[in-house]
Structures are given as structure tokens and as C-alpha cells.
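Going down the list, the protein sequences come from chains A and B.
Okay, so the first sequence: first residue is 1 according to the working numbering, each after it adds one.
Okay, so the second sequence: first residue is 1001 according to the working numbering, each after it adds one.
Since the hints were made in silico from the structure, they are not lab data.
Please read these numbers as outputs of a predicted model, since none were measured by experiment.
A virtual CB, placed ideally from N, CA and C, is assigned to each residue, including glycine.
Honestly, I wouldn't trust all of these hints.
[As the list claims (entries may be wrong)] Label pairs and their calculated CB-CB ranges:
| # | chain 1 | residue 1 | chain 2 | residue 2 | range |
| --- | --- | --- | --- | --- | --- |
| 1 | B | R1006 | A | A58 | 22 to 28 Å |
| 2 | A | D79 | B | F1023 | 31 to 37 Å |
| 3 | B | R1006 | A | D101 | 38 to 44 Å |
[Said to hold, decoys possible] Derived list of chain B stretches under chain A, where covered just means 3 residues or more per stretch with a C-beta under 8 Å from a C-beta of chain A:
| # | segment |
| --- | --- |
| 4 | 1300-1313 |
| 5 | 1321-1331 |
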Amino acid sequence: MKYTKEHEWLRVEGELVVVGITQHAAEALGDVVFVELPEPETQVAAGDEVCVIESVKAASDILAPVDGEIVEVNEALSDNPGLVNEDPTGTAWFFKMKIDDLAVLNDFMDEDEYNELIG
Amino acid sequence: MSDLKRLALHDLHVALGGKMVPFAGYEMPVQYGLGVMKEHLHTRAAAGLFDVSHMGQVILRPKGSYQDTALAFEGLMPVDVLGVAEGRQRYGLFTDQAGGILDDLMFANRGDHLFVVVNAACKEADVAHMQAHLSDTTEVIAVTDRALLALQGPQAEAALARIVPSVAAMRFMDVAQLPSGYGELWISRSGYTGEDGFEISVPEAGAGALARALLDMAEVEAIGLGARDSLRLEAGLCLYGHDIDTTTSPVEAGLTWAIQKARRAGGAREGGFPGAARILRELAEGPARLRVGLRPEGRAPMREGTELFTHDGTALGQVTSGGFGPSVEAPIAMGYVPHGQAEIGTTLQGEVRGKRLPVTVAAMPFQPTTYKR
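Please take these sequences and the hints and turn them into a complete structure.
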């Protein structure tokens, strides 16, 4: 698992990169009540706002971590946004991306580096 | 947060795992370990304890007769003060010359004087306002050595009655001054969640022990400001500075129930409050706009500041409070729209992140209230 400064996790699944938010991010957001997912088959650039998460407190964005194509989104989150709090690093993944070169993931933090970031 | 004031129970909030945030000049717990959603649902299911000590407590002590003080107080509000019986509390609001709302408040007839509770952000201005207008008849005394706790929910009575048994006999909006092991408690059967419950003014010296005693009871949990906000929103209650302020009149805000007959046209003490010309005219003719309840379709909350439109794109107004209602399990909001768009069932559009989404004007409260009348 790799991690971004925006508190997203990235997991390689075959040719795809699965993206979600970390336990730390889910706790900071509070109870999630609404998730807006992107359309599948969307080309995105790193830094694009691709999802919206609304918690009881506020709205926040999930950014595309890398350039690529969103090929699948987790529709379960639309019906049950609370999954983000229950299982942020497992069943509550947000989307899967196809990217040109999985090697770009090496630029992101590993677990130790991320734990250091959140201190 | 060095410029912020601390509550008398600050250390207790921190010990309970409260997440402290700035609010109205104070460090306040926005939530505890349960989180906003569970705290909200716990309050509706059992009992929640809120520290609202940031609010202003004020005694209005007559220099002459109680009646003179009550009548002078009526000079600041479109409210029947004189008609409030001893041992009873009423909702009031200070208006300005333009008919806007300076603050909303609770006041109680305690026999030989009045006890007033005002919003934290307004309390200094309110005390100055009262001193400026009531000093001929009344001594205005800010009470600064007492905490204020709210115990809300269906099991609030059972919990508080273990400490002060006589509260079980109180009805909604009754007040009483009762001795206890924590000092004299000033209790009202009221609150701001839509639930039955109590607000308890307690000497600061006894406040921590009283809070601990309540929190030690199985049905009571500490509840933060986050859930206080979602609870009051579900109950359709206004938050000063958001849903009401000097730009909104009581009639626009749908608070006409707070303007009793005695102060209306033809009443025994008609007018005689700041902004009476506008407020009496709006009572007679209807206001140009009204505060309404709003139910967004789907799950996306429409938060404060969301712009409202008709289907053909005419701008109508804004959401003044909005979020997710944990008990109604849907997004809810309130806001102002022109009179012609205010009928329940009218479908409007609210702009969320550049998209216009359907939203329906709905009855309030969103969640039935359970006051013990």
C-alpha cells in the first residue's frame, strides 16, 4: 500500500490502482453521509477533484493521485456512505484507475513514511 | 487558541476526549469519542449532556415593582412579558428599530425578578442593551459564576430526578430554583433539541461534580456542539447569526408564535417595541419572504450559503442552515424564499458545487418534538 499527502491510499490490483482514504482521514472527517463518485471511463489528471465526500461536518474532495483513466467506481458508497467510516481501507475503496506506468507509485509514501506524517 | 475563553468545565471536556474548537469566543467541545452521528442519536434515544456555559445568564432585578420591570422589558421585545406567570419561562427576541432581530433568548418569571438566558456571541451587547434601556426600573446583573448544562432526551427526567426528584413534576417551560448537593440549581424544563429535557444553571464550584454525577448514569453521554446543531436543525429551531439576525424580521423568520396577542394590533399593549411599524405591518400583510424548511432530494446536503432558484433560474434566496439529519436519515435545511415560493410542497433548486439539484419546501420540525406539555 502507498499513501499520498492528501491521506489517500493506493493499492495495486493487477493492472489497476485502487484508491481510498486512510483510517486517519476517515476519523478526521467524521461520519460520512454522502459520497459523489465520478463517471467511469473518465480521463483524469493528477490533482483533479474526482470525488466529493460530505460528512456531518463539511464537504471535502478526493483528488486523482496520478494521471489516468477511472475505470470502475464503488457504487456501494452511494447507498451506504457510512462504509467509509467502518472500513476505509477495505470495502470502502472509491475508484479504480488504469495508469500508463505503475512505476509512478514508487514516488508515494510507504506505510512508515505515512505514519510519520500523521505523527 | 490563546485568545479564546475557557469554560469552567474545560478540563472535564478534555478528559472526556472532547475535540475543542473555537465557537463564539470560547473553546468548546464540538464532539467527543462517539462522534456527531452517534451523539445525536443517543440524545434522541436516551439522554445527552451539553455544556452551554458560554451562553449569557442575566438577572433583571426590579428597583421598584416587578410590573415596572416587566413592562420596561416589553419595550425591547414584541413579546408579552407581563403575562408570563411566576415559575414559567418564555421565548423572546430583541428587535432593532428596523424590525431586525438583535438576539433571541429565554426569560423566566421568578417571582420578584426575571432570569434571562441569551446567546454567547451576543451576551455583552445584550447586557449593554438592557442596561441602556432598563436602568430606570431595573438592575441588570450579568451572572458570571454559574455554569449552564443542558440534559436532553427521553431519559433526561429519570436521570435528573435521581439528583433532584421534584423535577419530575415540572412541565415544559416551567422553571424552579432547587437546592442540591451541588449548590442551588436553577432548572427550566426546556432546551434546544426538540426533545424533552432540562437546562440547569449550577454554581461553577459544583458544576464539575454535577456533570460527573450525570455522566456516571448509564443513560447519559456527553454531547458536543456538532450534534447540538443537527438536533436543533431537525427540530426546526433557529440558530442566531445564521437563520436569524438583524437582516431578518421575526415575521420573515416564521417566529410569529413568539409575538403574543397582547403586543399585536388591537392587543392590550399593542406595539411599543423597536421595529413595531414593520413587524405589525408584516403581521397584517404577510412578509416579502419567509424562512422555510427544505428537503433536498437524494443524499447530498445543502449547506449554509447554498443558493436557491426556481426551475426557470430565478434567484430566490439562500440556505441559512443545512446538513444531514441523523434521525430523519436525510439531508435537511432551512432558508429564506419569497412568500410565493414558500408553500409546503413547492419544488425549487439548490446549487451544490455548480449543479442545480431539486429541493422541496417542507414542514418543520423535520423530527417530531417530544416536549412534556
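Checked hints:
For R1006 of chain B paired with A58 of chain A, a C-beta distance near 25 Å keeps the hint of 22 to 28 Å intact. Hint check: D79 of chain A to F1023 of chain B, Cβ distance near 34 Å, so the stated range 31 to 37 Å holds. The hinted window of 38 to 44 Å between R1006 of chain B and D101 of chain A is violated, with their beta carbons roughly 54 Å apart. Residues of the segment 1300-1313 of chain B with a Cβ under 8 Å from some Cβ of chain A number 3, which satisfies the need for three, so the listed coverage holds.
Check result for the segment 1321-1331 of chain B against chain A: holds, 4 residues qualifying (beta carbon to beta carbon below 8 Å, three or more required).
Of the hints listed earlier, the one the structure fails to meet is number 3.
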